[in-house]
Amino acid sequence: DGGITQSPKYLFRKEGQNVTLSCEQNLNHDAMYWYRQDPGQGLRLIYYSQIVNDFQKGDIAEGYSVSREKKESFPLTVTSAQKNPTAFYLCASSLTTSKIETQYFGPGTRLLVL
Amino acid sequence: GNSVTQMEGPVTLSEEAFLTINCTYTATGYPSLFWYVQYPGEGLQLLLKATKADDKGSNKGFEATYRKETTSFHLEKGSVQVSDSAVYFCALSERETNAGKSTFGDGTTLTVKP
Numbered sequence: 001d002g003g004i005t006q007s008p009k010y011l012f013r014k015e016g017q018n019v020t021l022s023c024e025q026n027l028n029h030d031a032m033y034w035y036r037q038d039p040g041q042g043l044r045l046i047y048y049s050q051i052v053n054d055f056q057k058g059d060i061a062e063g064y065s066v067s068r069e070k071k072e073s074f075p076l077t078v079t080s081a082q083k084n085p086t087a088f089y090l091c092a093s094s095l096t097t098s099k100i101e102t103q104y105f106g107p108g109t110r111l112l113v114l
Numbered sequence: 001g002n003s004v005t006q007m008e009g010p011v012t013l014s015e016e017a018f019l020t021i022n023c024t025y026t027a028t029g030y031p032s033l034f035w036y037v038q039y040p041g042e043g044l045q046l047l048l049k050a051t052k053a054d055d056k057g058s059n060k061g062f063e064a065t066y067r068k069e070t071t072s073f074h075l076e077k078g079s080v081q082v083s084d085s086a087v088y089f090c091a092l093s094e095r096e097t098n099a100g101k102s103t104f105g106d107g108t109t110l111t112v113k114p
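Protein chains in written order, with the working numbering: chain A, 1 to 114; chain B, 1 to 114.
For reference, chain B alone in the conformation it holds in the complex (with noise of 0.2 Å):
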């Protein structure tokens, strides 16, 4: 079955700091790849995806790649703020071939310090 698995946390870094949250996954078929973000309380919200091998996601500053190779997907930003602070989940998607389910990591809280 499809699974990902994250870099565990917490992760505390301090103010402009360099991101990195390890994100791999074993998929049976050609999965698009998603990270998700969750501020305390709320609901997750979309970060940034990428559909086909090497893709590369971005938004606010963050990145990511799709490496087939590596079956990876690691999300990176190159200087930290406070208002980063939340739990970052790398999730995939193969719906055509496991109608209706996306698999999720166990998340990573990062903590970023003034």
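Extracted from the complex, chain A is given alone in its bound form (with noise of 0.2 Å):
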């Protein structure tokens, strides 16, 4: 079955440390978007990328950095620098930037600070 994983679903950040989110997606997309969802809130992009090895910074990127080395797969790490990192990350992908896509998402990560 095609889709979009995502890893670990829990993750825990203590203070000054680094983590990265994994996306994975085997729809053959060539877009790839992250999203933060807050509680009560719509998606913000942090993230996104239209082919492999080029991305574009979101509405909120400070704080974030991604890689697109692959086709199917656009890590997100969440950096020390990101002082307010708690938050539901989710990863989408649809077939191209055309605004007629369908975007595709993964099950999410649910980032906690320690």
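Check each hint, because a few of them may be wrong.
Stated by the list, open to error - Interface residues of chain B toward chain A, partial, derived using beta-carbon atoms under 7 Å:
1) LEU44
2) LEU46
3) THR51
4) ASP55
5) SER58
6) LYS101
7) GLY105
Unchecked claim - Capping the alpha-carbon separation at 27 Å, the derived lysine-lysine pairs in BS3-like fashion look like this:
8) LYS101(B) / LYS99(A)
9) LYS71(A) / LYS14(A)
10) LYS68(B) / LYS71(A)
As the list claims (entries may be wrong) - Now the in silico label distances, taken between C-beta atoms and shown as ranges:
11) ASN28(A) / ARG67(B): 32 to 38 Å
12) ASP30(A) / PRO10(B): 19 to 25 Å
13) SER79(B) / THR20(A): 43 to 49 Å
14) THR77(A) / ASP54(B): 40 to 46 Å
15) PRO8(A) / GLN81(B): 28 to 34 Å
16) SER14(B) / SER73(A): 44 to 50 Å
17) GLY63(A) / GLU15(B): 32 to 38 Å
18) THR102(A) / THR5(B): 19 to 25 Å
19) GLU15(B) / LEU95(A): 36 to 42 Å
20) ILE60(A) / GLU16(B): 38 to 44 Å
None of these hints come from the bench; they were simulated from the model. Cβ atoms here follow ideal geometry from the backbone N, Cα and C, with glycine treated the same way.
Dock the two chains into a complex; use the hints.
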């Protein structure tokens, strides 16, 4: 079955620590996205990638970094510069960045600060 | 910039009641419109979409019509079930002019009681 997987389901971060969230898709999609979801709020775009080896900042990129070395993988690193990282993180992909394309979402990773 | 405004929740209905969740948008161009649904602890799933004015998206008894004149995309269902309890997000995508970015509403929580 094709889809998007995210791991881990829960992640705990200590002060000053960088952590990496995994996102893998086997849908052969060109575009991938990372969103942050806070309680009672919509999704805010962190980073997106339209194609391998290319990515752009979204609306709230400060304190985060990404890479896109393979088509199927788009890991997100939450750095120590992100002062309020506790949130639910969602990865998504779409065939292209055309406006008619549906985004397919992973199950999410919940990041908590110790 | 683009924005999506959804009816505030939470919404609580009895089984078999009629559902309407209002959604209006502001966009600089000619967006595609989406409704996504999120079940507890999961990622978002596409419920329905419409890519041009007067299009009606439909799925699982839910419907929404793209109204350009009122910039709206209201979600309706004639008879809700307990299994419809979830958070519903209205979203727009205008990637030709805003590459890679979708804009989401804040979500409306629906609870259906037996």
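Evaluation of the provided hints:
no.	hint	verdict
1	LEU44	holds, 4 Å
2	LEU46	holds, 5 Å
3	THR51	holds, 5 Å
4	ASP55	violated, 11 Å
5	SER58	violated, 15 Å
6	LYS101	holds, 6 Å
7	GLY105	holds, 5 Å
8	LYS101(B) / LYS99(A)	holds, 9 Å
9	LYS71(A) / LYS14(A)	violated, 31 Å
10	LYS68(B) / LYS71(A)	violated, 36 Å
11	ASN28(A) / ARG67(B): 32 to 38 Å	holds, 35 Å
12	ASP30(A) / PRO10(B): 19 to 25 Å	violated, 37 Å
13	SER79(B) / THR20(A): 43 to 49 Å	holds, 45 Å
14	THR77(A) / ASP54(B): 40 to 46 Å	holds, 44 Å
15	PRO8(A) / GLN81(B): 28 to 34 Å	holds, 33 Å
16	SER14(B) / SER73(A): 44 to 50 Å	holds, 46 Å
17	GLY63(A) / GLU15(B): 32 to 38 Å	violated, 44 Å
18	THR102(A) / THR5(B): 19 to 25 Å	holds, 22 Å
19	GLU15(B) / LEU95(A): 36 to 42 Å	holds, 37 Å
20	ILE60(A) / GLU16(B): 38 to 44 Å	holds, 41 Å
Violated hints, listed in ascending order, are 4, 5, 9, 10, 12 and 17; each of the other numbered hints is respected by the structure.
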